[in-house]
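There are 2 protein chains.
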Amino acid sequence: MINAFCKVPLWECNGKLVRVAQGQEPADVVIRHAKLVSVTTHEVLENANIAISCGRVAYLGLDGHTADHCIGPDTQVVDATGYYAAPGFMDSHIHVESSMVGVAEYARGVVPHGTTGIFADPHEVGNVRGLAGARCMFEDARRVPLKAMMTPPSCVPAVQGVEDTGSAIFAKDIAEAMTWDNVVGLGEMMNFPGILGGEDNALGEVQETLKADKAVTGHYTIPETDRGLNAYIAAGISADHECSRPEDVIARLRMGMYVQLRFGSAWLNLPGYLPQLLASGVDTRLCTLCTDDCHPDTIVRDGHMDRVLREAVRLGCDPVTAIQMATINTAECFHLGHEMGSITPGKCADIVLLEDLRDFRAHQVFIDGQLVAQDGRALFEVEPYQWPDWMTHTMNLGLEPTAETFKTRVDLPDGTARVRVMGILPGETITHDVVREVPVRDGVLCADHDADILKICVFDRHHGAEGVHSQGFVTGFGIHGALAQTVSHDAHNLLVMGDNDEDMALAAQTLAQCGGGEVAVQDGRVLALVELPVCGLMSTERVEVVAEKVSRIEQAWKDMGCTMPSPFMTMGITSLACVPELRLTNRGYVNCLSFQMEPLLAD
Amino acid sequence: MINAFCKVPLWECNGKLVRVAQGQEPADVVIRHAKLVSVTTHEVLENANIAISCGRVAYLGLDGHTADHCIGPDTQVVDATGYYAAPGFMDSHIHVESSMVGVAEYARGVVPHGTTGIFADPHEVGNVRGLAGARCMFEDARRVPLKAMMTPPSCVPAVQGVEDTGSAIFAKDIAEAMTWDNVVGLGEMMNFPGILGGEDNALGEVQETLKADKAVTGHYTIPETDRGLNAYIAAGISADHECSRPEDVIARLRMGMYVQLRFGSAWLNLPGYLPQLLASGVDTRLCTLCTDDCHPDTIVRDGHMDRVLREAVRLGCDPVTAIQMATINTAECFHLGHEMGSITPGKCADIVLLEDLRDFRAHQVFIDGQLVAQDGRALFEVEPYQWPDWMTHTMNLGLEPTAETFKTRVDLPDGTARVRVMGILPGETITHDVVREVPVRDGVLCADHDADILKICVFDRHHGAEGVHSQGFVTGFGIHGALAQTVSHDAHNLLVMGDNDEDMALAAQTLAQCGGGEVAVQDGRVLALVELPVCGLMSTERVEVVAEKVSRIEQAWKDMGCTMPSPFMTMGITSLACVPELRLTNRGYVNCLSFQMEPLLAD
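Line order of the protein sequences matches chains A and B.
Under this note's numbering, the very last position in the first sequence is 603; numbers go up by exactly one each time.
Under this note's numbering, the very last position in the second sequence is 603; numbers go up by exactly one each time.
In isolation and in its complexed conformation, chain A is listed as follows (with noise of 0.2 Å):
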């Protein structure tokens, strides 16, 4: 695939790629006596020594050959000694809204942990703004030397009929999108029932992104690998980060198919398959590294595909083969190993210096041979972004919550009601589907503090006065007070979950006031709140202050009595229709089995 993330295109300057490869003219940047990750020969070669020119390798001095020769008065010497120079890392598939930030600054978070590239897609702003949004999004990726490589969404709504959305994609939505410069493949094809069922929209989404000659990225997420993972594939499908088990990784690799390795903030898939998937000594040529969700406090903590490519090594993989995944196989995965992805003539010169191979702390880091950042902060700054109005002004109720609004009248005498309630363990994403008895007051279901029973509320925030909410119960996150999101996958409608109508008013109230987020609210007080006003997924403040406010709600969460891990990601994904077994949409419960609506009342 023809690249629009290169400084220049190698048809302008290639003439002058080989001059300077001679000497005739000098390079822009030399970077000396690096230890040289070779990325196509699986090697550590010593003293390296790469001249760049237009933002792209002209010259890999090996051998003995230094690259003294391209280097004129102008040119920006580096002293590599002592560093290993790798291909930048790229992160084959996630979702940055996940981060909470825009893209812009979210590269400012990840690129000096070694990052490059990023395959993204921007599957929850387009739940919100549509492909619009998604275009939106990127447009503020433009100021940032990152690569941010667009997939656009292709499951918005993620499942048809049962909530309400702020947008829908469709096929010939898809065709016009793989004409963007920014546009390398389809994001991931969620819809894994329409493909195997032979739906016209899934399909021919693929079909649009297929006939623009790239890549289409998977989401399987059933322990199955025989006729519906072949259908799946077959039908065009070429990458995958839903696997759980190392058997699951190598159907797909028999079945010629990218996996996209798993290592984000809340699906830690790594030590669940790589070291048996090493064990078994199958070519690791079509095996990539991914995070898929990355949080603000992960980022900032931890890292970004540095973390990743440590816990690789820790689990035993081969330090190489760990940069492999992270760079050449995942170029080649998405037609792009000829433009980037090795420290080889003529590719993008995106390279980090690392300390090691065990650490991968990232000294230096350049894109297109401009250096970007440099022991842990990156050398742009990034400037608030103008977002027009229709990305900020996302929370469109059509109603002022009060305590009323959380009333849940029943016309039954007092006493107690069966109603269906969504069972949650902790570190699950699978919700339980239960009936358990509430308190039944003047007409109204309460919710049960003591029997860790809450109400949960969703509103549609897309339609207005014309929007729907609906009501359920909820168990498992025992807590007092209240707490709302509009980070609610994947419809991103507002949610809103109490042990009181009071609470769960104020919390409303506070992201409709503020655009959107996450708000936390005990006894009438806020304790914590994350504003995301851009679509209600995302800040516009510095990712570490976006991570610290992150900190200030997880401690709330605790402070209000839940015990259970990364309890907002749970919380998010209780309005996800495509997961099994229970969830709430704005419209009410659904069976994410039979995809069948679910009255409350249970009997």
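Treat identical chains as interchangeable: a pair holds within one or across any two.
DSBU-like cross-link-like pairs, simulated, lysine-lysine; straight-line CA separation at most 35 Å:
| id | residue 1 | residue 2 |
| --- | --- | --- |
| 1 | K16 | K172 |
| 2 | K7 | K172 |
| 3 | K214 | K16 |
| 4 | K558 | K407 |
Everything labelled a hint here was simulated from the structure, so no lab data went into it.
Use these hints to put chain B onto chain A, whose structure you have.
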């Protein structure tokens, strides 16, 4: 890259493949119980079951999963018990003209040997009839299942200004060729001095190919692996078959260049570098296999890519690694890994059933799921191609060669004269620039059979009466009689060599009459003749017939006194002005170090 070489584009048939994989619609073909050579994981997997539809793999049953659910009443079921199923072999660089038959007939010869795809550079036809000729040559190929992927010739003429060729190809022509559906890259960029010297046309051809997102193949012959090679690769040239030493191969791989490891009819490079390459332990992902030139007798007697694989394994290469080189690596070299090169769902069903992984004898060969060869025989017939007249009338000498034509007149008295002579050593491609004394009789420079100094002449066969011809001398062949051929690299003018003018005249007349080819004449009698009426390069007969005629002319060479191996090849490159030291073109002697013309008389 999107390719036009699959029966149905994936975007047109993915819905059907999905149904077939799930048993909802029958497959066209099911191959059962094969030992799968998995080139994506580097494994051999027992009891693999492959269902094929629309020419593509729809289902791959492993781990005990049969493909029985894909079998309907009309499904062709193949029992592959005891056989290995490997992806079809691909030759990453081949000049079909060296096989002296058209591409369709060539296909009949090589497909039974497991070859399902070739990346072919019609360089010889290009020199005679330009890109139009190359295009015409590949129209013939559309009649057969072999995937004849074209890389149009980049260097026509090979060297500017020292000879008269039938055509010239410029960057603008390449730009047009890149729009043809069967063009997948640029043919070998032999003009590496042009690239290194920044010549507009050489760089421009590369630029046009890169703009079309296709691969540029190379030809970098000098034993240099530093600045020049760097510059050459940085220019965008991504594959090369011209290595002779292990260090040449490893340097290219480290620089991210694909290497087309060669084992052709005349250039047998594999033994010279493969053992050392394997011993080095480097990743072989960028290694492909090629023949470059494959003579008809090699095809008939020894095979094609099966022969190359046999040699690789004989040299110690793991058979699965060798098959990777001939399949997935080659596909990836041309940005086609997502379409072909592995037996995985969605890919073209190009499959070879092999008896073992040592001899690589092909039991059955499938292309796009169609059985096309069995037990060494093609299952398709090739009718004679209706060549247009301009492809078969290329002997435009503009004169009737007689003995008088060959008399080299000089203004010298009887006795001897010191002349420049091309010195040939057996098995070497380099010629030596030597000075010898030859007899002068009646103002004519004469050959001297006893001293093994033959006369050699090159006739422009492209420009008729406007053409010029030249005369020179050669030593090393040691024959009595005359030989003539129109396969004379790269202009493919008429080359005539002998120890007497009468036999030379008969040889030239014979080829002029039959449209070109090769002929051996002694004492007024034609000993052997290979008619090559298509561009003076290719026969219209079957490859077995051509091989038989070639063997007869080889015998004639021996009978005439030549002890050199492959004298026909060696004679054919006495006119190749891009290889040192001294060559004779139709304009006269060329010093191939300085690229200056040289006079016949020394001093």
